[in-house]
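Colleague: Starting from the known structure of chain B, fit chains Y and Z onto it as the hints suggest.
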Amino acid sequence: MPEQEAAGTQGSPADEVGAFLRRRREQIAQRWADESMFRTVFTVSRDEAAEAARHVVDALAEVADAERMHDTDAAGFTVVREQLARMGAARSRAGFTTAQVSAEVEGLRPPALNLLISDLKDAPAERVRDCTTALTVLMGTLRLVVLDTALSEGQALIERQQLQLLEVATPVIKLWDGIVAVPLIGTLDSARSQVVMETLLEAIVEQHARFAILDITGVPTVDSLVAQHLMKTVAAARLMGAECVVSGIRPAIAQTIVHLGLDLGTVVTRASLADALAYALHELGAGIVGPAADGARLR
Amino acid sequence: MPTSAGVEACLPIGSDLDLVWVRQHVRQAAARLGFGLVEQTKLVTAASELARNTLVHGGGGRMDSAQVTRGRAVGLRLAFSDDGPGIADLELALKDGYTSGGGLGMGLGGARRLVHEFSLESTVGVGTTVTVVSWASAPPRLREEF
Amino acid sequence: MSDSYGRPVSVPGASAHVPVLRLGDVLLVTLQGDLYDSVAQQLQEDIGATIATSGVTGVVIDISGMEVVDSYLGRVLAEIAAQSSLLAARTVVAGMRPAVAITLVELGLTLPGLRTALNAEAAMDLLARTGSGSRFRRSSAEHP
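Residue numbers (my numbering), protein chains in the order written: chain B, 1269 to 1567; chain Y, 462 to 607; chain Z, 8 to 151.
A few of these clues could be false.
Cβ pair distances, simulated, as ranges [said to hold, decoys possible]:
1. B/G1422 <-> Y/G467: 30 to 40 Å
2. B/A1520 <-> Y/P546: 46 to 56 Å
3. Y/E552 <-> Z/G120: 21 to 31 Å
4. B/A1424 <-> Z/L93: 37 to 47 Å
5. B/R1290 <-> Y/V587: 41 to 51 Å
6. B/R1428 <-> Y/D525: 29 to 39 Å
7. Z/T137 <-> B/K1442: 18 to 28 Å
8. B/D1457 <-> Z/G62: 50 to 60 Å
9. Z/S71 <-> Y/G495: 22 to 32 Å
10. Y/P546 <-> Z/L30: 24 to 34 Å
11. Z/G62 <-> B/T1489: 47 to 57 Å
12. B/S1492 <-> Y/G495: 31 to 41 Å
13. Y/G586 <-> Z/D132: 55 to 65 Å
14. Z/Q48 <-> Y/G467: 31 to 41 Å
Hints are computed from structural coordinates only; laboratory data are not their basis.
By construction, the Cβ of each residue, glycine as well, lies at the ideal position given by its N, Cα and C atoms.
Just chain B, same shape as in the assembly:
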């Protein structure tokens, strides 16, 4: 290590900690590489673990320099967030609880703290206390960042899966030239209603559909929020020049709608998908004839 400047007594504790992290980067990284947090993730080589630890030390130094010891959103953390996420994900795959991950990060504190204390052996007691407190706070923030990153990774996974589920669950079917239908099955929440709306409106454009049928036979309940989304879909389709028909309102749902005092007055409704199709065909001017002798001319 090139001439180590003695642990100073100038600058704020944060500056001191920042300078310390930079000065002792290598020693801290080497010690952390042996802690379970790094050792068990980077199993290929110890060098890899040490390199990862160096990155984290650098990030902490940057956060300390910026005097943002408490801030989990500090810019310094952004560069190591991905790495921390990988480490957190590895731990959850290994079946670690949040508390265990937290304890592992906590395990990084003593080695760093001991180094800091030995660096400050000549400093006044008050100074030592301030600096160790600052480092402790910083390590606490790191712990929060790790946990937060791990949690939001999990959340991201759930969101991705939810989105996939939404897309799978919203098929748009072309029933006739100019008529599309979306049979909705399962509970409608706000996010899904949004996807339904966007999917249906896109289909209207693609299929040049003048009629769009929303069939809610498979929807168990309709609350006021869902009803509102249906109304919005109807209104948006109308602005685009298409008419929306809601079909398959079961008696229980009709009752709910009445109880909720919702006004579906401007929405065309039909009892079944077949009725809705018949309505749309009629409006398009397509006649329906019986499957009798002239069935061959059916179109």
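Modeller: Okay, now just chains Y and Z, sitting in the frame of chain B:
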């Protein structure tokens, strides 16, 4: 040219020409941050409403745009400020259909429904600042007040 | 030419003037890109004047090229429709994009009195088919 500088920008709002700049900047910034088409359109429309408010009611002002992050979520923050007369009754101003400027009265209340976060500060005689934030993906759970 | 901020005074992609085309009994107006408020205002006047002098019976406003319709432009469209119907011409707004439609509804602007069509062709068709305008009247809130 402010629109090529990226997401961070301060655009003056002094004429209806500036409204076009505001819309184009917000469109490009939102696209750069990965907003979906519908969210882009909502945010640009909200910006248009708010910029027009700044122009018509505030006598002109500026829009500051900045990228924001919360956890892994990326968003766009737009602040519209003017040194105009201010708004005496905030609740009334946010109500649909209320207008003092001859519009449809959808400006403030409508813009609020198009964004994820909305805050309005106004002091009579000093000016008004409306700050909105929209997130590129689903809005993150609020950890603390923004 | 540039203004005091050093920006060109005309914004690329913004229309400075909207042409109003006459096709038989119908006026066809195609809106594209971004629109200055003043241009929208001018358009409203132009359409009124053209209907009055030419006696057309329909107006088609194609907005499929518009990425954004805010409440100002929404109001202009509604006013063009109302003003045209006073002059005995029916207005159809055609080709609104899904994202724009969602945004307008979210904004609270459902424009109940406005006739709409999927595209300009469908709008011409609608005007041709419904000379009396009875079957496809979209709302009772329409002006007589």
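Colleague: So, for every hint listed, does it hold in this structure?
Modeller: Against the structure, the hints:
1. A C-beta distance of roughly 32 Å is found between B/G1422 and Y/G467, which places it inside the suggested range of 30 to 40 Å.
2. Checking the proposed 46 to 56 Å range against B/A1520 and Y/P546 shows it holds: the Cβ atoms sit about 54 Å from each other.
3. Checked against the given bound of 21 to 31 Å, the beta carbons of Y/E552 and Z/G120, roughly 29 Å apart, stay inside it.
4. Checking the proposed 37 to 47 Å range against B/A1424 and Z/L93 shows it is violated: the Cβ atoms sit about 55 Å from each other.
5. Our hint of 41 to 51 Å for B/R1290 and Y/V587 holds, since their Cβ atoms are close to 46 Å apart.
6. The hint said 29 to 39 Å for the Cβ distance between B/R1428 and Y/D525, and at roughly 33 Å that hint holds.
7. Distance hint for Z/T137 and B/K1442: a CB-CB separation of about 25 Å, consistent with the stated range 18 to 28 Å.
8. The supplied range of 50 to 60 Å is met by B/D1457 and Z/G62, whose beta-carbon atoms lie about 53 Å from each other.
9. For the hinted restraint 22 to 32 Å between Z/S71 and Y/G495, the CB-CB distance of approximately 25 Å keeps it satisfied.
10. Taking the beta carbon of each, Y/P546 and Z/L30 are about 48 Å apart, not inside 24 to 34 Å as hinted.
11. The hinted window of 47 to 57 Å between Z/G62 and B/T1489 holds, with their beta carbons roughly 55 Å apart.
12. A C-beta distance of roughly 32 Å is found between B/S1492 and Y/G495, which places it inside the suggested range of 31 to 41 Å.
13. Checking the proposed 55 to 65 Å range against Y/G586 and Z/D132 shows it holds: the Cβ atoms sit about 56 Å from each other.
14. Checking the proposed 31 to 41 Å range against Z/Q48 and Y/G467 shows it holds: the Cβ atoms sit about 33 Å from each other.
The structure fails hints 4 and 10 (numbered hints given earlier, in ascending order).
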